[in-house]
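Chain by chain, the residues:
Number of protein chains: 2
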Amino acid sequence: MIYLDNAATTRQKPQPVIDAVVSAMTTLGNSARGTHEGSLSASRMIYGTREKLATFFNCPRPDHVVFTANSTEALNMAICGLLDPGDHVISTDLEHNSVLRPLYRLEAERSVSLSFVPADRQGRIDYGEFGRLIRPETRAIICTHASNLTGNAVDIGRVGAIAHDHGLIFLVDASQTAGVLPIDMEAQQIDLLCFTGHKSLMGPQGTGGLCLGENVALRPWKVGGTGVQTYNPAQPEQLPTRLEAGTLNGHGIAGLSAALDYIRAVGMETIREKEETLMRRFYEGVSAIPGVTVYGDFTAPRTAVVALNIRDYDSGEVSDALAQDYGIATRPGAHCAPRMHRALGTERQGAVRFSFGWFNTEAEIDVAIRAVKELAE
Amino acid sequence: MIYLDNAATTRQKPQPVIDAVVSAMTTLGNSARGTHEGSLSASRMIYGTREKLATFFNCPRPDHVVFTANSTEALNMAICGLLDPGDHVISTDLEHNSVLRPLYRLEAERSVSLSFVPADRQGRIDYGEFGRLIRPETRAIICTHASNLTGNAVDIGRVGAIAHDHGLIFLVDASQTAGVLPIDMEAQQIDLLCFTGHKSLMGPQGTGGLCLGENVALRPWKVGGTGVQTYNPAQPEQLPTRLEAGTLNGHGIAGLSAALDYIRAVGMETIREKEETLMRRFYEGVSAIPGVTVYGDFTAPRTAVVALNIRDYDSGEVSDALAQDYGIATRPGAHCAPRMHRALGTERQGAVRFSFGWFNTEAEIDVAIRAVKELAE
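Residue numbers (full-length UniProt numbering), protein chains in the order written: chain W, 1 to 377; chain R, 1 to 377.
Keep in mind that the hints were calculated from the coordinates and are not lab data. All residues carry an ideal CB built from backbone N, CA and C; glycine is no exception. There may be inaccurate statements among the hints.
To be verified - Which stretches of chain W does chain R cover? Using the computed rule of at least three CB atoms under 8 Å from a CB of chain R, they are:
# : stretch
1 : 3-16
2 : 71-83
To be verified - Each pair of labels, with its calculated beta carbon distance range:
# : chain 1 : residue 1 : chain 2 : residue 2 : range
3 : R       : L114      : W       : T299      : 58 to 68 Å
4 : W       : P136      : R       : T55       : 56 to 66 Å
5 : R       : N58       : W       : R370      : 51 to 61 Å
6 : W       : D184      : R       : R158      : 56 to 66 Å
7 : R       : D84       : W       : Y47       : 32 to 42 Å
8 : R       : Q238      : W       : D314      : 35 to 45 Å
Please construct the entire structure, taking both the sequences and the accompanying hints into account.
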């Protein structure tokens, strides 16, 4: 199989990530649940991974790195833990349902009001819109770092500056970018950063997290056992315990830790450049084919995603043909990005998304280009 | 290390579990996120695991098996998704903070009222108390299957009958029992079953779930991307999607699936008998030692847990000595079970918990007995 669905999950993990999970599954106890070596080594490994993530994202404190099962849990935790009745939020048309559905729920249940910076037919936003949408009751800007559908990146440093100039909380959904585009919570003025471990970070599924800046407080999401303050009827106040109840996915976190080491050793910029080269090669190969429509802006920073349609063919049928006739894995349909499809005018057709990763090769790209060409003819 | 902290997590996993995780980490796509083989095989594996769990717990439908990151998430999802303002809940003194803290939060924030069936000094409950505590506004009985501190099991079939005789929802926390004591949702009249994968089920950390009976509805917990119904602003209605947003821990679930196969092949009753034998051997060895106080009821069904104290020594110091001088891993302190410690009168001292698992041996038990004897002398 030629796997071009890396924006859904990076299917192949680096060998050291697998080795770390195997090692954890034979040695790891339950972190923060005792003082024997099995438990202590789990606690040390988990704290070490918080430190690595804090360094990676320039999060001010390792204990402000909270582990979650995935990005969606981190986004629910951040959005629901932050917003109060009457708050107004500015978001964008680029968002995934993992941002939209928590917001729509709070709009319906907690009288939170919402505004969206619109995207144009290339999926681009006008940064001036953020400022124009701010109201006295605006509490936060919640914004993806890159569209999962078009691959267009958002200049989060620019949005962070707008947010902080107006005293707003800035929450970034880095699901599509953590591990491949630079993220610096301090320089980009990010207060809440939600990420997943199993995409560009190349870690195991079941990992992800939420990094908090110094000056942001969230209500707890899930509550329960923490291994500390047993007699406190409420969840302990201090981070990360405040937002982490129950046994952490120690086996997965061990893999994520190895993945961070792997990325540091290879160099994130090396990975990004390779993925960019593959993406550009594919884009140049398919964009000139008659009948192919490519979506998104290829003149600005972006992730290694190319979404396209062939004539008026249903995206599901094209993706099926790619899988069955060519052994190429892509993703069709609506991609959990309803506002983005409305902006692109692809609400009914969906789009076929090709997303490239570190383990792809130029030869695979060339096969994919030929496949698109044959399907278009 | 002699690992006697299996009630916190089973540190050693069966080799087929590790093999399944490794295989998943090289082949698995993102389930329900496409139609290529990587995604489809993930979807098939995950649905197959739902089927195995439904069979294992006699849950009426595989699509009523919802995956979570751990038991705590399942309990939050079930408790917060079920209870409305004004509801009254009956629980017990045996509960873990993963049940207590969600309940206390709803008591404070949602005007839910709570009653607790008290435990005596041996950690036993009077089943007649459930009926006596029922009021017109009682909605549910929420009850652990076994105390994580004493190992005393609750006759959940008996409590289920009381619940259903009075039209109440019955929620069971099976964190300490799933994989080792028989659970049958139909026979025991369980409406909501919360379990973890990394304890007696011997699966990876980061796995667990919630099984729903036919006639119970929960509000969604986290909301977000589901790979279906992209244009629906709310979480889809149907289970399991209604309660599962974001990418599942496919790598962990692959391991859990192998763990279920392993338990079925070995036989749950074989595992239970071995753990029971080890636990009884330890109990008989330590209960006669002068200065040793053992907690719990050893005349009734129980898990393979023995909690004890030596004289008035701090439980943390005893556990440290066991770890450092004998290489024996136990867990001291308060065990996230505040009401249980109050009932046992061990609020200040805590207790040293020895918990036994499938991979322990009689020789290890004998070393542990000698260690307790030496520390008591």
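Hint-by-hint comparison with the structure:
1. 3-16: holds (count 7)
2. 71-83: holds (count 5)
3. L114/R - T299/W: 58 to 68 Å: Holds: the Cβ-Cβ distance is about 60 Å, inside 58 to 68 Å.
4. P136/W - T55/R: 56 to 66 Å: holds (57 Å)
5. N58/R - R370/W: 51 to 61 Å: Cβ of N58/R to Cβ of R370/W: about 52 Å, so the range 51 to 61 Å holds.
6. D184/W - R158/R: 56 to 66 Å: 58 Å Cβ-Cβ, so the 56 to 66 Å window holds.
7. D84/R - Y47/W: 32 to 42 Å: holds (40 Å)
8. Q238/R - D314/W: 35 to 45 Å: violated (24 Å)
Of the numbered hints stated above, the single one contradicted by the structure is hint 8.
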